[in-house]
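Trainee: Mind docking chain V with the ligand on chain Y? Use the hints.
Line by line, the protein sequences are chains Y and V.
Start counting the first sequence at 1; every next residue gets the next number (our numbering).
Start counting the second sequence at 1; every next residue gets the next number (our numbering).
If you are wondering where the hints come from, they were derived from the structure by calculation, not from laboratory data.
As the structure is a computational prediction, the values presented were derived from the model and not from experiment.
Just so it is clear, CB atoms sit at the ideal spot from N, CA and C, and this is done for glycine as well.
You may find that some hints are simply not true.
What the hints assert, rightly or not - Here are the computed distance ranges between Cβ atoms for each label pair:
#, chain 1, residue 1, chain 2, residue 2, range
1, Y, R75, V, K158, 29 to 39 Å
2, V, S9, Y, A46, 17 to 27 Å
3, Y, N2, V, T176, 16 to 26 Å
4, V, E180, Y, R152, 53 to 63 Å
5, Y, R58, V, F162, 34 to 44 Å
6, Y, R152, V, D123, 44 to 54 Å
7, Y, M159, V, E16, 47 to 57 Å
8, V, G157, Y, M159, 37 to 47 Å
9, Y, G16, V, S69, 30 to 40 Å
10, Y, R152, V, N154, 33 to 43 Å
11, V, E28, Y, A46, 37 to 47 Å
12, Y, Q110, V, R50, 54 to 64 Å
13, V, E125, Y, G137, 46 to 56 Å
14, V, R50, Y, M159, 15 to 25 Å
Said to hold, decoys possible - Stretch by stretch, here's where chain Y covers chain V in the computed footprint (C-beta under 8 Å, at least three residues):
#, segment
15, 51-64
16, 74-84
17, 154-168
Unchecked claim - Far from chain Y by the CB rule (all over 12 Å, computed), these chain V residues:
#, residue
18, V19
19, V41
20, S89
Residue strings, one per chain:
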Amino acid sequence: MNHLTLDVLVGLREPGTEPGQAAARQHLDSCTHCQAELERLHQRVARLKSLPTLRPARDRWPETRARFQAERRRRRTRLAGFTGLAAAASVAAFLAVGNVPRPVEMTGDQLSQVMERSQVLESALNEYNPEGRVIDGRTARIAGEIEDRIARLDRELEMTELLRQQATDQDLLKLWRERVGLLDALVDVHVTRASNAGL
Amino acid sequence: MTRTLLMDSSLLANAETVVSRARTGDTEALGELFRAFEVPVYNLARRICRTTEDAEDVLQETFFEVCRSINRYREEGSLWGWIRTIAASKALMRLRRNKYRDADELHDEVVGNRKEDTHLRMDLEAALERLSETSRAVVWLHDVEGYTHEEIANMMGKTPSFSKSQLSRAHARLRTWLGEEMIP
Ligand SMILES: [Zn+2]
Chain Y
1 MNHLTLDVLV GLREPGTEPG QAAARQHLDS CTHCQAELER LHQRVARLKS LPTLRPARDR
61 WPETRARFQA ERRRRRTRLA GFTGLAAAAS VAAFLAVGNV PRPVEMTGDQ LSQVMERSQV
121 LESALNEYNP EGRVIDGRTA RIAGEIEDRI ARLDRELEMT ELLRQQATDQ DLLKLWRERV
181 GLLDALVDVH VTRASNAGL
Chain V
1 MTRTLLMDSS LLANAETVVS RARTGDTEAL GELFRAFEVP VYNLARRICR TTEDAEDVLQ
61 ETFFEVCRSI NRYREEGSLW GWIRTIAASK ALMRLRRNKY RDADELHDEV VGNRKEDTHL
121 RMDLEAALER LSETSRAVVW LHDVEGYTHE EIANMMGKTP SFSKSQLSRA HARLRTWLGE
181 EMIP
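Just chain Y, same shape as in the assembly:
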C-alpha cells in the first residue's frame, strides 16, 4: 500500500479541495499509518504555536520615536518651504491686480516675515540635530510635547492652505505666529538644556 507523502499530508490541512485530494482523504480514512502521521504533523504545529514568546532585550521606542520625529521635522521644513513660496506667490498676485486694499497687503508682508522666521528656526533646529544628541528624560518629554503641538498645528495649516479661498491671510498669519512661538520654545528647550549641561 502506498502511504500519503508528507507533501500531501501538509496540503490536506488546507480548507478546500485540490485535484487528487479526494482520493487522498479516502486513503486517510482507512489508513491508521497515515492518520498517525497527520496527527504528528498536528502535534508539531501545536508545539510550534506553544513555543515561548521571545522578548526584546532592550527598549527600541526612544530610537524609533526620535527617528519618526526627525523625519517629521524634515517633512515640515519642506512644507514650510513650499507654503512659504505659495504665500509669496499669493501676495505677488494681490500686488499684480493693483487695487489691493492696504490691510491685506500688510498681512501678506507680515505673513512672509513670520514664515521666514519659522524657516530660520527650523534650519537652526535641523542644524542642532536634537535626535543625534543624548538628552535627559525631562527635556525629551517637553520637547516631544512641543513637537506634537507643532505637528497638530501643521495639520491645521495644511487644511487652511487647502481651503485657501475661505481662509483669510489673517487666519494663516495667526497659525504661523503660533508655529513660530512653538518653534521658539523648542529651540529654548534644547538650548537651555545644553547650556545647563555646560554643552
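Mentor: Chain V with the ligand in isolation, oriented as in the chain Y frame:
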C-alpha cells in the same frame, strides 16, 4: 481575523481612542501602540530572522512605518493584523537584504544530511533555528501566524506553490531532526 481582533482587545483595551490620538501625530499615543504590540512584533521578527539584532531592527522599522502610516490603517481590519503584516514584510525584507538564503540553504543541506546519519535528537527550538531562512519564515507565517500560501507568496514575491513546497520541506526536516519515527 477573529483571532487578531481578539489580540487587539487583549493587548490594547482602548485601541480606538489610542489610534485616533496617534493619527493626530501624538507621540505618546504612538508610544502606547509600541508598548502594546512590541512583544508580538519582536517575537515574529525573532522567529523569522537569524539574530536578535536583526529582530530588533525589524521591530524598529515596523513601528517607524506604523508611526508614518497610521493614517492609512483602515479600522475594518484588526490593528494587530495590520501591524503584523508590516512586521512580516519588514522581516522578509531583512532576509532578502542580508542574502542569507543562498549560503544558508547550502548550510542546511550539508548539516541536514550529516545529522540524518546520527541519532541526535534536537529540541524544537534548535530544529527551527536550523531550518533555512525561507523555510523557517514560511512554516512560522503559515502554521503559527495563520497566513495563507497566497498571502505569504505575495509578501515574498514568490508563487503560492513555492510557499507550499517550502512548508513541506520544513516539515520533512523538522520531522527528521526531532527524531520522530519514520513511517515505512
Ligand atoms: Zn497510509
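Trainee: Each hint: holds or not?
Mentor: Hints, verified against the model:
no. : hint                          : result
1   : R75/Y <-> K158/V: 29 to 39 Å  : holds (34 Å)
2   : S9/V <-> A46/Y: 17 to 27 Å    : holds (24 Å)
3   : N2/Y <-> T176/V: 16 to 26 Å   : holds (21 Å)
4   : E180/V <-> R152/Y: 53 to 63 Å : holds (58 Å)
5   : R58/Y <-> F162/V: 34 to 44 Å  : holds (35 Å)
6   : R152/Y <-> D123/V: 44 to 54 Å : holds (51 Å)
7   : M159/Y <-> E16/V: 47 to 57 Å  : violated (23 Å)
8   : G157/V <-> M159/Y: 37 to 47 Å : holds (38 Å)
9   : G16/Y <-> S69/V: 30 to 40 Å   : holds (33 Å)
10  : R152/Y <-> N154/V: 33 to 43 Å : holds (36 Å)
11  : E28/V <-> A46/Y: 37 to 47 Å   : holds (39 Å)
12  : Q110/Y <-> R50/V: 54 to 64 Å  : holds (58 Å)
13  : E125/V <-> G137/Y: 46 to 56 Å : violated (37 Å)
14  : R50/V <-> M159/Y: 15 to 25 Å  : violated (46 Å)
15  : 51-64                         : holds (count 7)
16  : 74-84                         : violated (count 0)
17  : 154-168                       : holds (count 4)
18  : V19                           : holds (16 Å)
19  : V41                           : violated (9 Å)
20  : S89                           : holds (17 Å)
Comparing the model with each earlier hint shows violations of hints 7, 13, 14, 16, 19; every other hint is respected.
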